[in-house]
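There are 2 protein chains.
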Amino acid sequence: MSSGNNAPHPARLLISALPDFPLVRPGDDLAGLIGAAAVRSGMTPVDGDVVVVAQKVVSKAESRIVDLAAVVPTPRAIAVAAEVGKDPRLVEVILSESRRIVRKRPDMLIVEHRLGFVMANAGVDQSNVGPADGIERALLLPENPDGSAEGLRTALHARFGARIGVIINDSFGRAWRRGTVGIALGAAGLPALIDKRGEPDLFGRALRVTLIGFADEIAAAASLLMGQADEGQPVVIVRGLRWSAPALPGAGLIRPEAQDMFR
Amino acid sequence: MSSGNNAPHPARLLISALPDFPLVRPGDDLAGLIGAAAVRSGMTPVDGDVVVVAQKVVSKAESRIVDLAAVVPTPRAIAVAAEVGKDPRLVEVILSESRRIVRKRPDMLIVEHRLGFVMANAGVDQSNVGPADGIERALLLPENPDGSAEGLRTALHARFGARIGVIINDSFGRAWRRGTVGIALGAAGLPALIDKRGEPDLFGRALRVTLIGFADEIAAAASLLMGQADEGQPVVIVRGLRWSAPALPGAGLIRPEAQDMFR
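For the record, the sequence lines run as chains U and B. When we follow our numbering, the leftmost residue of the first sequence carries the number 26, and every step to the right adds one. When we follow our numbering, the leftmost residue of the second sequence carries the number 26, and every step to the right adds one.
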C-alpha cells in the first residue's frame, strides 16, 4: 500500500492560491483553466509541486449536477427526510450516493458514501451550485475523485512537463472534534499515506504508530487559502514538499470497515 | 464561542520551520529557546504570525515525564493491559490520564483524555522521550495545552511585541480515515474555530454547515514540516493568515459529548 519515506522534512513551504480563477461551468476543461491561470500569474508548476483543487470546481466541470425538480423521492427518502427535517428530494439524492446511513439526527445525516467516505450528506451540496435562477440544484462528489486527480495530473504534466501531485480536497466534519477540515477526496502523483512504521526514532527505538495522512495534511493546509464558502480561490499550489514513497491514491486514506471501530 | 470571520482568504502562506532547534530538556524555558532560534534564523515573529509548537517539546519542557519503573499498576490496569497486549505500567499511566476507555482492541486503546480529547493512548508516548539509558519513560500531554499556548504567546509577545497566535499541535488518528494528521491540542491568540454560518454564499444563499476547524488546519499544515518522529523541527511559523474573529482557545475544538454521535 505504502512504504517508507526517507525524504527529509522541508524547511519551508510556500502555499499560493491561483488568483482570479474564473467561475467553473459544467463541461469546462478544468486542467486548461488551471494551466491558463498558472501561466497568467507566473506560477507554472515545477517538479514536486502539489496542485490542490477544490471538489466543488471538479464536480462542476464534470457536470455532477442534479436538478432537484427532476428528482422523485422514494418512500424511504421521504421517511428519512421527515425524520431529519430535510428536503425529500435532497435526501433521495444523498441516499442514491450512499451505501448506508451511519447516523441520523435532526438536520444531520451521516452516511457511508458509495466510495467509502464516512461523511455528512454524502457530500451533496446545495450552496454555490449556480445562480439563484429559481432552479434548485445539488452538486455531487466527482464520480471517481482519484481518477479526476489523475486526469488533472496527466494534463498538467503534458502541458508543463513537471512531475507534480494533484489533490482534490473537500471540507469534512470529524468525530469528536468541532469544525470542518480539508481532506483529500482524491490524489494522484504523491503518496496519500506515508508509512513510517519501523523507522528508528531519535534515540534508536522503533516508532510504532506512524502512518501519516500526508495528502490530508496537504488538503487541510490548502483549505486555509480556499475557504469553504465560495469559488474565489479553488486552486492552490503547495511548493516545497518532499516525498520518496511511491504514489498512493486518495482511496488509500479510507479506513477499511473491518478496521474501523466507529462506523 | 466564536463569531464570523470577514477577513479575506490569504493569497499565500509561507510556512517555515525554525532551523537547528535544540533538544528540549525538562525545565527548559521553551519560549526563550523559540525566541533565540527565531532571532538566530532571522525569523522573528511579526503581527499575524502563528507559531506552531510540537506537543512533545512542550511536554518535555513542562517535565510531563513519568519513570515507568516507579509506576505500580492497579488491578484494572493489569486487566486492560492483558486484554490489549500493552505494558501494565503504561496502561496505568494512560488510564490515570483518562476519563474513560472509548474503544479497546489488541494493541489499541482509545480513550477520552481528562481534557476531553478522544485519542489513542491518552497521548502518552514512549518514543523519543530521552536517551536509551535503560530508564523507561513515558511522556504525557501538557497539563493544560491552552494554558501552555497562552504562556508561550505572552512570552513571545513580551519579547518581540508582535500580536501572534500560538498552537500546540499533536498527531491524532481519526475515525474512518487512515493515517494521523496534526491537530491543535491548545491554542491562544487566534480563533481555534471560525463560524461562517449565516454568511451568504456567492449566489446569496445562506451557508449552513460552516464551522471551520481553523487551528486544526493550521496544525496539520505545520505537521508537514515537523514530521512526527523526531524533534528535528518542532517549531514552525505560519505567516500570511488573516482572521477577524475573536480568539478562542483550542478547547473550543472539542465536540461536547452531548453533541457527539461517535463516542
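I should point out that these hints are in silico values taken from the structure, not numbers from a laboratory. We put the beta carbon where it would ideally sit given N, CA and C, even for glycine. Misleading hints may appear alongside valid ones.
Claimed, not checked - Example chain U residues on the side facing chain B (calculated, C-beta under 10 Å, incomplete):
hint: 1; residue: P44
hint: 2; residue: P47
hint: 3; residue: P51
hint: 4; residue: M133
hint: 5; residue: F185
hint: 6; residue: A200
hint: 7; residue: I219
hint: 8; residue: A246
hint: 9; residue: P281
As the list claims (entries may be wrong) - Beyond 10 Å from chain U on every Cβ pair, some chain B residues (computed):
hint: 10; residue: A95
hint: 11; residue: V97
hint: 12; residue: H182
hint: 13; residue: A245
hint: 14; residue: A272
As the list claims (entries may be wrong) - Across the chosen pairs, the derived CB separations fall in these ranges:
hint: 15; chain 1: U; residue 1: R139; chain 2: B; residue 2: S88; range: 22 to 32 Å
hint: 16; chain 1: B; residue 1: R222; chain 2: U; residue 2: D285; range: 43 to 53 Å
hint: 17; chain 1: B; residue 1: P100; chain 2: U; residue 2: E168; range: 39 to 49 Å
hint: 18; chain 1: U; residue 1: G141; chain 2: B; residue 2: L48; range: 52 to 62 Å
hint: 19; chain 1: B; residue 1: A104; chain 2: U; residue 2: R188; range: 46 to 56 Å
hint: 20; chain 1: B; residue 1: T99; chain 2: U; residue 2: R162; range: 52 to 62 Å
hint: 21; chain 1: U; residue 1: S88; chain 2: B; residue 2: A107; range: 30 to 40 Å
hint: 22; chain 1: B; residue 1: I126; chain 2: U; residue 2: R65; range: 24 to 34 Å
hint: 23; chain 1: U; residue 1: D285; chain 2: B; residue 2: I103; range: 26 to 36 Å
hint: 24; chain 1: U; residue 1: S269; chain 2: B; residue 2: R222; range: 34 to 44 Å
Hints versus structure:
no. : hint                          : verdict
1   : P44                           : holds (6 Å)
2   : P47                           : violated (13 Å)
3   : P51                           : violated (15 Å)
4   : M133                          : holds (8 Å)
5   : F185                          : violated (20 Å)
6   : A200                          : holds (4 Å)
7   : I219                          : holds (8 Å)
8   : A246                          : holds (3 Å)
9   : P281                          : holds (8 Å)
10  : A95                           : holds (20 Å)
11  : V97                           : holds (24 Å)
12  : H182                          : holds (23 Å)
13  : A245                          : violated (4 Å)
14  : A272                          : holds (15 Å)
15  : R139(U) - S88(B): 22 to 32 Å  : violated (50 Å)
16  : R222(B) - D285(U): 43 to 53 Å : violated (29 Å)
17  : P100(B) - E168(U): 39 to 49 Å : violated (55 Å)
18  : G141(U) - L48(B): 52 to 62 Å  : violated (41 Å)
19  : A104(B) - R188(U): 46 to 56 Å : holds (53 Å)
20  : T99(B) - R162(U): 52 to 62 Å  : holds (59 Å)
21  : S88(U) - A107(B): 30 to 40 Å  : violated (57 Å)
22  : I126(B) - R65(U): 24 to 34 Å  : violated (55 Å)
23  : D285(U) - I103(B): 26 to 36 Å : holds (29 Å)
24  : S269(U) - R222(B): 34 to 44 Å : holds (42 Å)
Of the hints listed earlier, those the structure fails to meet are numbers 2, 3, 5, 13, 15, 16, 17, 18, 21 and 22, in rising order.
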